[in-house]
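Colleague: With these hints in hand, go ahead and build the complete structure from the sequences.
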Amino acid sequence: MTAKDWSGLDAARTLRRPTADDDKYSRGVVGMRTGSTRYPGAAVLGVEAAWRAGTGMVRYLGPARAQDLVLQRRPETVTSDGRVQAWVIGSGTDATEREPCEAAALRRILSGEVPVVVDAGSLDLVPQAAAPVIVTPHAREMARLRDALGMSAVATTDVDARERAACETADAFGGVVLLKGAVTIVAAAGGWVRRVSAGTPWLATAGTGDVLGGVLGAVTAGAVAAGRSGVEELGACAATAAWLHGRAGTAASLAHGGGGGPITALDVADALPGVVSALLGDSIA
Numbered sequence: 328m329t330a331k332d333w334s335g336l337d338a339a340r341t342l343r344r345p346t347a348d349d350d351k352y353s354r355g356v357v358g359m360r361t362g363s364t365r366y367p368g369a370a371v372l373g374v375e376a377a378w379r380a381g382t383g384m385v386r387y388l389g390p391a392r393a394q395d396l397v398l399q400r401r402p403e404t405v406t407s408d409g410r411v412q413a414w415v416i417g418s419g420t421d422a423t424e425r426e427p428c429e430a431a432a433l434r435r436i437l438s439g440e441v442p443v444v445v446d447a448g449s450l451d452l453v454p455q456a457a458a459p460v461i462v463t464p465h466a467r468e469m470a471r472l473r474d475a476l477g478m479s480a481v482a483t484t485d486v487d488a489r490e491r492a493a494c495e496t497a498d499a500f501g502g503v504v505l506l507k508g509a510v511t512i513v514a515a516a517g518g519w520v521r522r523v524s525a526g527t528p529w530l531a532t533a534g535t536g537d538v539l540g541g542v543l544g545a546v547t548a549g550a551v552a553a554g555r556s557g558v559e560e561l562g563a564c565a566a567t568a569a570w571l572h573g574r575a576g577t578a579a580s581l582a583h584g585g586g587g588g589p590i591t592a593l594d595v596a597d598a599l600p601g602v603v604s605a606l607l608g609d610s611i612a
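Residue numbers 328 to 612, in our numbering, belong to the letters of the sequence shown in order.
Wrong hints could be hidden among the right ones.
As the list claims (entries may be wrong) - EDC-like mimics (lysine to aspartate or glutamate), calculated; alpha carbons at most 16 Å apart, straight line:
1. Lys331 to Glu559
2. Lys331 to Asp487
3. Lys351 to Glu403
None of these hints come from the bench; they were simulated from the model.
Modeller: Shown next as structure tokens:
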């Protein structure tokens, strides 16, 4: 099994440039229940990325400390519950520290009809989900997710093995797996699978996964607002988010020297508008 590579042209077909007829709701609203008292920065990074990727609105619901930091960075963020077209949960959280009220809130989200991007500290809840789900694990999280799903451990030492594992896992819960790595694998239940190679090794730094979650939330909310929410369409959203994230990382790195230099997660978020602009302007092949 060797999946096709996801290209800039593929990503461009997934995104949509706003028109004069759009408003903030028709462009997509992302709900984010991310961050924690221990890791409030994850909330800031994800919210920043969602805005920078072109969403119409971000609703942030999280701990008071994280909410204060989000509003300091992005005062346009809405901090009340309401209509959303996609959720992002789990970034910057730890399942072992989850309060009962938070667990109940997450289960309500996962029992709804709106697609949910599930990261990090919420992956243990995936087996209970009824909503369309996109998971974004790295290798260790993938192993824990498979265990929670009652699946056996598998070796993920090469790209082909990672691809098989992603496809099996997506089929197990009926959703989409975005398996992070030097080559990112995106698999949707039913056999749809793509590889995303855009990126730079400098992306291996703290917080970039939180940025990816925000990008994916924005892309997914935009697709749902446009009436595209099938499992393969959600797979396309995941592959596009990985492509945008990788290209933004490369752009940020090149801004620090001709050969590329170290970056931070916020550098990646800051580079997103330029990458989106170039993509929709047909200047990236």
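Colleague: Would you mind marking each hint as holding or not holding in the structure?
Modeller: Each hint, compared with the structure:
no.: 1; hint: Lys331 to Glu559; verdict: 14 Å, holds
no.: 2; hint: Lys331 to Asp487; verdict: 12 Å, holds
no.: 3; hint: Lys351 to Glu403; verdict: 12 Å, holds
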